[in-house]
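2 protein chains.
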Amino acid sequence: MKIVIIGGVAAGPKVAARIERLCEDIDITIVERGEFLSYAGCGLPYYISGVVKEQKELMSTPVGTVRDSVFFQNVKNIKVLNHTEATAINKIEKTVTVKQPNGSEHILPYDKLIFATGAEAVCPPIPGRELENIFTLKTVNDAEHIKKILAKNKATDTVIVGGGLIGVEVAEAFVEMGCRVTIVELLPGILSMMDKEMSQLVENYFESKGVKVLTNTKVIEFEGSSSVKKVITDKGEITATLVVMAIGVRPNTKLAKEIGLKIGSTSAIAVDKGMQTSEKDIFAVGDCAEKNNILTAKPCYVPLGSTANKEGRVAANTICGIKDEFPGVLGSAICKVFDYSVGRTGLSESEARKHGYDVVTCLSPSPDKAHFLPSAKLLFLKLIADKKTRKLLGAQAVGPGSADKRIDVAVTALSAGMTVDQLANIDLSYAPPYSPAMDNIITAANIIRNKIDGLMEGITPTEVYAMKQKNIDFTFLDVRSPSEIEERSLQSTVNIPLGLLRKRLNELDKNKPIVVFCKISLRGYEAALILKKAGFSDVKVMDGGILMWPFEN
Amino acid sequence: MKIVIIGGVAAGPKVAARIERLCEDIDITIVERGEFLSYAGCGLPYYISGVVKEQKELMSTPVGTVRDSVFFQNVKNIKVLNHTEATAINKIEKTVTVKQPNGSEHILPYDKLIFATGAEAVCPPIPGRELENIFTLKTVNDAEHIKKILAKNKATDTVIVGGGLIGVEVAEAFVEMGCRVTIVELLPGILSMMDKEMSQLVENYFESKGVKVLTNTKVIEFEGSSSVKKVITDKGEITATLVVMAIGVRPNTKLAKEIGLKIGSTSAIAVDKGMQTSEKDIFAVGDCAEKNNILTAKPCYVPLGSTANKEGRVAANTICGIKDEFPGVLGSAICKVFDYSVGRTGLSESEARKHGYDVVTCLSPSPDKAHFLPSAKLLFLKLIADKKTRKLLGAQAVGPGSADKRIDVAVTALSAGMTVDQLANIDLSYAPPYSPAMDNIITAANIIRNKIDGLMEGITPTEVYAMKQKNIDFTFLDVRSPSEIEERSLQSTVNIPLGLLRKRLNELDKNKPIVVFCKISLRGYEAALILKKAGFSDVKVMDGGILMWPFEN
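Top line first, the protein sequences correspond to chains A and W.
Following this note's numbering, the numbering of the first sequence begins with 6 at its first residue and continues without gaps.
Following this note's numbering, the numbering of the second sequence begins with 6 at its first residue and continues without gaps.
Hints listed in this document are in silico derivations from the structure and should not be mistaken for laboratory results.
Just so we're clear, the structure is a prediction, and the values are computed from it rather than from any experiment.
Careful: at least some of the hints might be erroneous.
Each pair may be met inside one copy or between any two copies, as identical chains are not told apart.
[To be verified] With a Cα cut of at most 27 Å, we get these calculated BS3-like pairs of lysine-lysine:
| id | residue 1 | residue 2 |
| --- | --- | --- |
| 1 | 278 | 396 |
| 2 | 537 | 392 |
| 3 | 456 | 359 |
| 4 | 392 | 201 |
| 5 | 396 | 328 |
| 6 | 240 | 201 |
| 7 | 456 | 328 |
| 8 | 328 | 537 |
| 9 | 515 | 475 |
| 10 | 393 | 328 |
| 11 | 515 | 538 |
| 12 | 104 | 234 |
With these hints in hand, go ahead and build the complete structure from the sequences.
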């Protein structure tokens, strides 16, 4: 059996290796346009910052062997043609025409053909786009170009267009390299995978690291003579001698379209659960293939190396006659931003509302370990659930605390369709250096349960802020201690420490709405219950307390 | 409604606080024998080592308020009688007799009674047990005594009797304080919650930190004049001027037995899923209550602060008429040992075999992050699954890598009854600073799938070691590169790097059994497939490769 795989970066080599392991008498050829094989594109920001010292580390096995053509031939028994482009496919004859570096063309017959053509960086035709020193970051060569510029010029003025995952990772790398950094984002917030109240925490943190974040801002033009000198936006101009366009990626589907493969609504190649395209014997995997969102059962496009590897395994199994299905994705994503982690999975609050769920959310800021240990770090956690079925819909986490653990627990719970009630009682491993006795995600699930059960009415900081902007008359009750209030307080609050609240109820107006909070709003919740027992009817707890208030005080 | 709670350390205050939040017109009294309330017993080793600086940090809220009687009264509206012992209960009259510090007795009527009496350290009647400087570590006072001795004597000779969770945590604390430490364990390995091949890695690590670990060793006697000087074991004697007995804990059930509450097979108080005992209106929570093992549906006794808190919430809900059930535990546990984490959940391999499962396991050592990042650390992971249903049964993790994340993903998967096939395809969050593109637990699940599907036959290092001891004739094939072999190699191996194997097959005897390995046994797996294709029939891959070989080379 002859297998031809177009694309040798991530999913392609995975399919090849797995097929070679599973089948006898197999002849596998990988056709790769570029020079490099099996490299970690997601490691490029760390190569720019120097955390990864050498290019070859990105394309080596864990024991340090570079995955080049010789490696593939000797170790994996797979033929690789790099610097080689697939130019045409004949579905009837089952052949792929390839063009080699010297210009010669060859025809490769196949029994099974795999598209692993990946994605390319989106680069809109902004005037001045052709100036030097404006890059995308998708290939090893992109990274080399950028590294060269940074090596020559200390304290470069840089602009990153687009505040998505790649954009924020590059921003960190540039700061580490001593650059001045501005992120320009068209949308109201960076990291649009997060709800605004969560991404706002990241923006504030970026600002504290000296990174300028300009949201709701559109790039109009790049100015310069030969190389870029200025980025002109609809809000003003920014000096910049290095620009990275990090707007996103789109699937490489030119060849697929030419042979009439079905393209999905997301512009990626449509595939079934065995990774087969609309054409028998043709498969697609990785960043060129469309994904299925498990929660919405709708197509989506989330290109990630983790998914590419899983899809590669499923395609190989299907081809070799082992029944296997790729169930789809949850939209899980995570990135490091200096000492913060920023992660999410499932539906965001806004996505969940768009899909018609009766949404309940909570914001829960807590130390990620037993609070009495100096190693404990703060983690801001948001859960999204469905009031009707009580099922978890999504999770978001931001902060210096261990976000990835809570996100991955949420991923597993979402995959199993767990309710918040089930989640709240799972036997997560506990010792003080790893979590509070009630893990952050369990506490958050319990807050959601309290809200669904009507024990607590929440209001988000954003909603409170809007009330203040509209001059709505309400009592803004802070039940923290005087020393905490001295450290940081919000405007126009009434301050009564929780321990004195029962004795000082007469100071509060029963006919006014009350919004109560503390540091994280646990005492706020207790205060609300005291107030309700005392006959106050309109009492809301501000989600996440002062710790999750993202605005000016 | 009058509520009396016996026990004020962990579960008791949780029940009290939740009931106070849920119900109107409630009168709650906590009766606590000791001085301290709501303190983190699991933090005591960190107080001994000085990581936690002050006693009061263990009994404070996250904002630093000490949880004393005044706190409970003012903030929580809960009456606390500390230094007060419950001496008798009248089930008919529904009263509790309590004895106060001044000797006076009072009778407290109750509508609902909650046992949160906790557990006490097991302390067998070993001769010499009454000598000074022999302690258990269960209370704040125990810790204070130990701290005093360590403050006086630098480089104390210490012996810890029992290598369970508390034992290993205390061992680390003692090393941090400059002591010489010996752990004496009766069983064949420390941390019996782990399978031996995993706990052996911890023993080796302890030895590398200068801690002597004596397994299969029984303490016969303590010798000394007024204070202990020597620990006499069946294997010899050990100098020791400080001894901690860390053999385990048993539930405090004296009062419960006196009033005829049903005691379970584990010697803890039997409860239903709403935490009610055999007696209506009497509940039990926390370390005095028996647990249900979700996987075996059998009673078990795993006393942990995390479980105590969850049970407290369920008991309060039941009492206040909110339907709730505590599903039980998975036996999840974790501890820190210097820079290693050691965690487990579900059934161990030996437990799974005991319960009659057709067990499949894997050992998978991998970096816990993208291997090209310097922050990547090694994690040794073991999964246990059922061949018939393909369901995950348990997970164990050891090493400097992030064990808690993988264990908690396994916890969630076990709670949902996931198969290894489902686990292998979940959309765990991926970026290089958080995991390899294929997370460690996904790789491990895929190894299990390969084994169940007959693609790979594994053999554990322990089994290979036994073959060598018995002088069984087999080819022990190391397919690593010459430079790796130079670094560390095992005895009596044949060395052929994977890339040369296809060309050098004639060097191997087809009629001899072959055991093949590499660093982690991925190349070993590929080598086995090459050998099988070439007609070698008896080929096994050594699980975990040389990295998980726990014996002398």
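Hint-by-hint comparison with the structure:
1. Taking the closest pair of Cα atoms, residue 278 and residue 396 come within 27 Å of each other both inside a single copy (25 Å) and across two copies (21 Å).
2. When the C-alpha separation of residue 537 and residue 392 is checked against a cutoff of 27 Å, the pair qualifies only within one copy, where the shortest distance is 23 Å, while the shortest distance between copies is 55 Å.
3. For the homomeric pair residue 456 and residue 359, the shortest alpha-carbon distance inside one copy (21 Å) is at most 27 Å, but the shortest distance between copies (43 Å) is not.
4. For the identical chains of this complex, residue 392 and residue 201 are intra-copy neighbours only, at 22 Å inside a copy versus 46 Å across copies, given an alpha-carbon limit of 27 Å.
5. In this assembly of identical chains, residue 396 and residue 328 lie within 27 Å of each other by CA distance solely across copies; the values are 17 Å between and 30 Å within a copy.
6. In the homo-oligomer, the alpha carbons of residue 240 and residue 201 lie at most 27 Å apart inside one protomer (21 Å), although the nearest pairing across protomers, at 65 Å, exceeds that limit.
7. In this assembly of identical chains, residue 456 and residue 328 lie within 27 Å of each other by CA distance solely across copies; the values are 16 Å between and 43 Å within a copy.
8. With identical chains, the CA atoms of residue 328 and residue 537 are at most 27 Å apart between copies only, with a shortest distance of 22 Å across copies and 58 Å within one.
9. Proximity of residue 515 to residue 475 under the C-alpha cut-off of 27 Å is restricted to the intra-copy arrangement: shortest distance 21 Å within a copy versus 84 Å between copies.
10. For the identical chains of this complex, residue 393 and residue 328 are inter-copy neighbours only, at 17 Å across copies versus 36 Å inside a copy, given an alpha-carbon limit of 27 Å.
11. In the homo-oligomer, the alpha carbons of residue 515 and residue 538 lie at most 27 Å apart inside one protomer (12 Å), although the nearest pairing across protomers, at 82 Å, exceeds that limit.
12. Taking the shortest Cα distances, residue 104 and residue 234 never come within 27 Å of each other, neither inside one copy (39 Å) nor across copies (82 Å).
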